[in-house]
Structures are given as C-alpha cells and as structure tokens.
Amino acid sequence: MPIITLTTDFGLTDEYVGVMKGVILSINPRAVIVDISHNIDPQDVTQAAYVIKSAYRYFPAQTVHVIVVDPGVGSDRAVIALRYDGHFFLAPDNGVLSFLLNNDKIEAVIRVENSRYFLKDISWTFHGRDIFAPVAAYISMGVKLEDIGNALDPVHLVQLEIQKPKISLPGEIVGTIIAVDRFGNLITNIDVNVIRFLGAEALTAIDVWIGGKKISGISKSYNSVDSGHPLSIIGSRGYLEIAVNCGNAADKLEARKGDAVRLRVSSA
Amino acid sequence: MPIITLTTDFGLTDEYVGVMKGVILSINPRAVIVDISHNIDPQDVTQAAYVIKSAYRYFPAQTVHVIVVDPGVGSDRAVIALRYDGHFFLAPDNGVLSFLLNNDKIEAVIRVENSRYFLKDISWTFHGRDIFAPVAAYISMGVKLEDIGNALDPVHLVQLEIQKPKISLPGEIVGTIIAVDRFGNLITNIDVNVIRFLGAEALTAIDVWIGGKKISGISKSYNSVDSGHPLSIIGSRGYLEIAVNCGNAADKLEARKGDAVRLRVSSA
Amino acid sequence: MPIITLTTDFGLTDEYVGVMKGVILSINPRAVIVDISHNIDPQDVTQAAYVIKSAYRYFPAQTVHVIVVDPGVGSDRAVIALRYDGHFFLAPDNGVLSFLLNNDKIEAVIRVENSRYFLKDISWTFHGRDIFAPVAAYISMGVKLEDIGNALDPVHLVQLEIQKPKISLPGEIVGTIIAVDRFGNLITNIDVNVIRFLGAEALTAIDVWIGGKKISGISKSYNSVDSGHPLSIIGSRGYLEIAVNCGNAADKLEARKGDAVRLRVSSA
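Protein chains in written order, with this note's numbering: chain R, 1 to 268; chain A, 1 to 268; chain W, 1 to 268.
A few of these clues could be false.
Unchecked claim - Mimicking DSBU-like on lysine-lysine, the simulated pairs with C-alpha atoms at most 35 Å apart in a straight line are:
1. Lys220/R <-> Lys120/W
2. Lys53/A <-> Lys105/A
3. Lys53/W <-> Lys252/R
4. Lys53/W <-> Lys120/A
5. Lys120/W <-> Lys53/R
6. Lys220/R <-> Lys53/W
7. Lys257/W <-> Lys257/A
8. Lys120/W <-> Lys144/R
9. Lys120/A <-> Lys220/W
10. Lys257/R <-> Lys220/A
11. Lys220/A <-> Lys120/R
12. Lys120/R <-> Lys53/A
13. Lys105/A <-> Lys120/R
14. Lys214/W <-> Lys120/A
15. Lys120/W <-> Lys257/R
Derived by calculation from the structure, the hints in this document are not laboratory data.
For reference, chain R alone in the conformation it holds in the complex (with noise of 0.2 Å):
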C-alpha cells in the first residue's frame, strides 16, 4: 500500500491537518498516512529540515514524503517534487529539502505546475490542502513527475545556510544546539564522521564543554551516570547530544537552541 507522511507546522488542534487527509483520501483512499511531525514551530525550515532528513529512511521506497513549512505560501515561490534515494518529496521551494539536495542520490526534480492534479479552487493560504495533498496523492498512485511539471536544476533550488561544527584548533570541535527534543536533551549539528576528526582512541577520551561545564566522556546509555547528572551521548540521528540521565538537560544545563558545545580529546 502507498505511504504518504506528512511534515507540517499547522499543530493539531485546527482542523488542517484532517482535512489534507480527506482530500488524499478522496484521491487515493488505499492510501496510508503516516504524520511524522505536525508541531514543527511555526515557519521554521530549518527544523523541519533535520526531521525529514532525519526520518525518511525509514519508510520504504517509493514513499511520498510531503513537507508542509511554507510561510511563502501564496506568493510566487515555486512548488517542487523531487524523487531522491528511491522516495518522492513534495515541497516549497524554500530551503526545507536543503539535506537532500547536494548529492548525487537525486533521481528527479520538477516544479510543480500542472493544475490538473490541483484541487479546482485554490485559496491563498493553504496549498497544503489545495495542491500539496492531491499531488501526493496521484503521485501515490503512479502519475509520474514529469507530467506534474518541467524538470528543474537543482542548482537553482533556496538551500538553507546550514550550521557546520568547526575545528576551531587542533583537537577541538565547536558545534551548535540546533534542537531540543521532548525529554530536553540537546541535540547538536556534530555527527559521527565529525568526531573521528578528532582522532580520539575512544569515545569516552572526548570531553564535552557546555556554558562552562565539562561532561567527561561520550557515554552509551543515559543511565551510565547517576540519576541527574549530565551526559554526552550519540543520538538516534547519529549526532552528539546532552541528555540529563532521568532529567531535563535543557533546564539543568540553561542550555538551549543556538547555544555552542565543544569537544577536545581529554588531557591525559
């Protein structure tokens, strides 16, 4: 059965989100519908970003992944689906697939714009229900890319200026907060492939600093220290995060988006 997921700041409590199910259903009613996140903050591209990126491999080929963060909706920004990796994304053309755009798993990239696969009326603020949600519906059902629009360059794709982690001296990384997850924990832009740069034997010989507090060593489990106390640990998205074992490392550390973390192999 096709999978469709969705990735939207319209929240919950309004009725958005129901209704770009209905018209999916209308379209294809074998579709299942999988929300991945409906509480982006509002018109927040970047964290809706790290999610998708973060999530999509997990679905199986041939999914359609539609990512609704679109404060440009009603102006003149370009629409664009792009097959990459074996999956479909559906999306404004504002930075929100910057992840999956600079590298050679990209298959195929259009703007949307054949209005046959529209809903009739289009409203001025919410093309999530009036062309997102039908195209990835007959995108679901096998209607082809190049016949929703003219295939695009993906140099001419808005990226995102994403925050790297740097190697500010010899032995020592400097990354960012760039989330924090519902239990609190930091989540930083410094992947796996980073740390290796600091050619540590292991990582429990790398320190973690955070707001003038040291964490010594990356930890495997969050109870690997006492109920309370602060860790370092790999991620789920396979980068650096502080957690608190049992607790909130957001409010323990005042810690919070935006907010620098430094790694240096330990002094022996």
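With chain R's structure known, arrange chains A and W on it following the hints.
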C-alpha cells in the same frame, strides 16, 4: 474503504482517543480512522461546530464524522445521527451540528437509541467509547440509520446562537474573531459573501480595522507585506482572517477570540 | 488486518513516533497502527502502566501493544514480550506491565533477544525504532514469541509498587489521585470493587472528602450538579473520579496527583 473521522475535546495525553479507535476496529477492521482534532477546548461546542463545518466536505461521500464534545454526557441529552450532503454525522444534540441543520441538504436525522449497536456496559462518563464509537463503526459497515433509532424533526434539535457579522453603517461591516489558530491568525466570522455587500470594486479597496489599527486592503498572500507586518486575507475556511507575515497576529495586535473587526470601503 | 498500538513518552513534535511507524510499515505493510498516547510524562512508567491497562481490552484479540517508556534504554534492562488475555505486549522490563503480571491470564513471557528481528544497527538511545518497532511488526505477522527469545518466569520481572487504597477505619476508605486528565478530572486509585467494602446502600450514600471539602454522594452524570460545582463519579476506567461540571476540578479544588481522597458512608 469506509472512513470515520473523529473530532473531540479529549486531548492526546489520555487513552480516550486510542480506546475509541480500538472499539471501532473491533467492529469494523476495515475502517480508516482520521483525526480531525482532539484539541477542541474542553466543552467548546462552538469551536467544534466551526471545525466540522470547515472540514467535512474534503472527505469522500459516505464518510462518518463523529463529534464528541459532550459536556452533557450521562444526562438525558440525545445522541443524534444525521445524513447531510452525502455524509454521515454522529454527535450529541447540543448544537455542535448547527451549521448543518439549516438547509435542504439534510437527508435524514435520527435519535440514536438501539442499544444493540452500543457496547454492553455503558459508563456514565465516556459515551465516546460506549456509544459513539460502536455506532459509527456500524454505520460505516452499512447499517441503516432507521435501524439505529427513530426519525427526528430537525426543528427540535438544539441550535447554537452563532454570532453573525452586522452591516452597521452603509458601507461598514462589523464582525467578530471566532478563533485563533496555531499561527496566531485571527479567524473572523465574516465570509466572502458578506464582504460582497460592501460593494467595493476590489478586495484591495477594503480597509480592515481591529483594535484601533487600520489594515489597508485585503491581501492575496501573507508575504504581500513585509515580514512582521499585519495583513488581512481570505483564509482557507472562506472567512476573513487577520495575520502577520511570518509572525503571530494574536500577539502582535493583542487580539483574541471575541474581539470586534470592522470592514469599510476605503475612502478614495 | 493486524493492529499495533503505540504508547510512548516521545511526544508528537520530534520525528520519533513517525520513524517507528516507518519501520513497522517497512516490515509489515498491512499493519494498522493506532496511537494510544505519546504524551506520557517523560519516564513516567506508572502513568503508562495505568494507560495500557485501561486501554488494551478495547482492541481486538491478537493486537500487539508496544509501550516505550524506557529510561533504561541502552542499559542492560531487558525487553520483554508478553502474551496476556489474548493480546501481545512489548515493553521494557521496568514495571510498565505491572497490572498484567499478577494473575492467570498470562499465556507466555519471553525476553526479546533474537537480533534477527531487530534493525541492523542498534543505537544507544532509540530502541523504540531499532528493537520495539521491528519486533512488533514481526509479531503482527505471526512470528512466534519462542522464536524471538527465551521464556522468562514472570516472578522475575520488575514490578511497580502500586499505591492501593486503604480501609483506614470501619466505613472509611483512603485513596490517592493517580492522574489528572485533560479536563482536570482527578482520577483516583479507588475502583468500584473497593467501594463495595463500605457496604453503603447506594453510591449516593457515600461522601467523598478531598482537601477538607466534602462532596455528598457519588453522581451518575457530570451535570447532576450545577455548572461549576464539584462532584464525584465512577469514571470510564472504573475508578472513582472527582470532576467539576463544565469546569476543571484540578484548578477548582487545587488538587493534584498524589493528594489523598477519603470515602465514608454518609451519616444519616
């Protein structure tokens, strides 16, 4: 596949919504269940009435829409099933279907009475589980409304007093903010058909006043004004909305549900 | 169609729940996945235990219930699969299944060990994705528990210390508020069977005391008292609840989780 939508004030923390789905799937394993909202403000029948009115038409005909915002649960308030515009609706008789009761699209109304279609034990507090969920499942399987209860005359059903906008002066309409969505957009009760009464040459020739502040012209996209500036626009429900481009109008304009909004043709 | 329910403390903002669904559907495309709650308070194993106990029986037999409230993730805590009362349960061995471990409805318990049914790479922080989701998918496809791990004796499983109500005086029961739901209803640990010990002629002959305030008689509907007034009632879980008609009892009575509630036969 038969679709059942759910609109409740149960929230998503307690097990209530999941339990309703379990009951439905126990009876009709083929039902596709779609959440419209479970975050209706507790007991806010009016909010639910606007939500279901705005959402239902985007689902296929024959969809069963279940609305459980039910402060009178356990009392002698009736549960009603309505066939309207090709869809089914199941709700307490408390006005939540008010927008669907005043015209000729009504095809049938019954009082839900046949306990054969209920769970065996009826609790005092959770008819969503014990009555609404099983009856919805049976309707989705083709059980006829006449088997579930006796016909009612719609004139005897509870009706909400819905605030309507007023033509207060020649060339002036006064409406009310009826909802604030997740983005802080202020949704009014002034629909496009009412705006036509102003006889303006174009929507851009209409000024919108809120809390002493004037917004010139009704826009066609959020970013028709600079980021952080207010605008008015026809929203996805077909009603006038007041928004702030890339911002939160409720915060910026210190406005909330119940506040007045005035429309005037702009003086040339 | 096989049903899998999910109960977690992951929230609905991060991608975690969506990712679990992607993993499940990648293995068993026919699975119907139902959310029970993802808003369990972080690491609140007791809250999750009450939720799954209250919810599971409303699903069809053979349903696979997955509970991931798992502060010990990445440590050597076991993952267990239980067959109980015709349903399957998959959870960490941390007491979250306590209510299902103390009687003769247990049909089988195993320790989940066969990594053939896990994702290839096991993270340190997200066994919901790497172990629970794939194992649940395989169980829903008919894989036998004995293929997934070795049998355990239930007496060795972790059990929560569940607070039970006490008969403190002849004719008096003292219980505790164990949860506050979205409506502000105060859910106690006093179930109907315990109330029978009072030997009252009728529920209306029992007074309920909370924080020095007396509520006379146990009601049969919320609106048996005037709007804004407190009442007690047998809630949908079968436990005594304290509510305010069209209001919020937690706010009105300044009560919260852990507070004591007393029941006495009213003095005639």
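Here is how each hint holds up against the structure:
| no. | hint | result |
| --- | --- | --- |
| 1 | Lys220/R <-> Lys120/W | holds (17 Å) |
| 2 | Lys53/A <-> Lys105/A | holds (13 Å) |
| 3 | Lys53/W <-> Lys252/R | holds (33 Å) |
| 4 | Lys53/W <-> Lys120/A | holds (19 Å) |
| 5 | Lys120/W <-> Lys53/R | holds (19 Å) |
| 6 | Lys220/R <-> Lys53/W | holds (32 Å) |
| 7 | Lys257/W <-> Lys257/A | holds (32 Å) |
| 8 | Lys120/W <-> Lys144/R | holds (33 Å) |
| 9 | Lys120/A <-> Lys220/W | holds (17 Å) |
| 10 | Lys257/R <-> Lys220/A | holds (34 Å) |
| 11 | Lys220/A <-> Lys120/R | holds (17 Å) |
| 12 | Lys120/R <-> Lys53/A | holds (19 Å) |
| 13 | Lys105/A <-> Lys120/R | holds (22 Å) |
| 14 | Lys214/W <-> Lys120/A | holds (33 Å) |
| 15 | Lys120/W <-> Lys257/R | holds (31 Å) |
The structure fails none of the hints (numbered hints given earlier).
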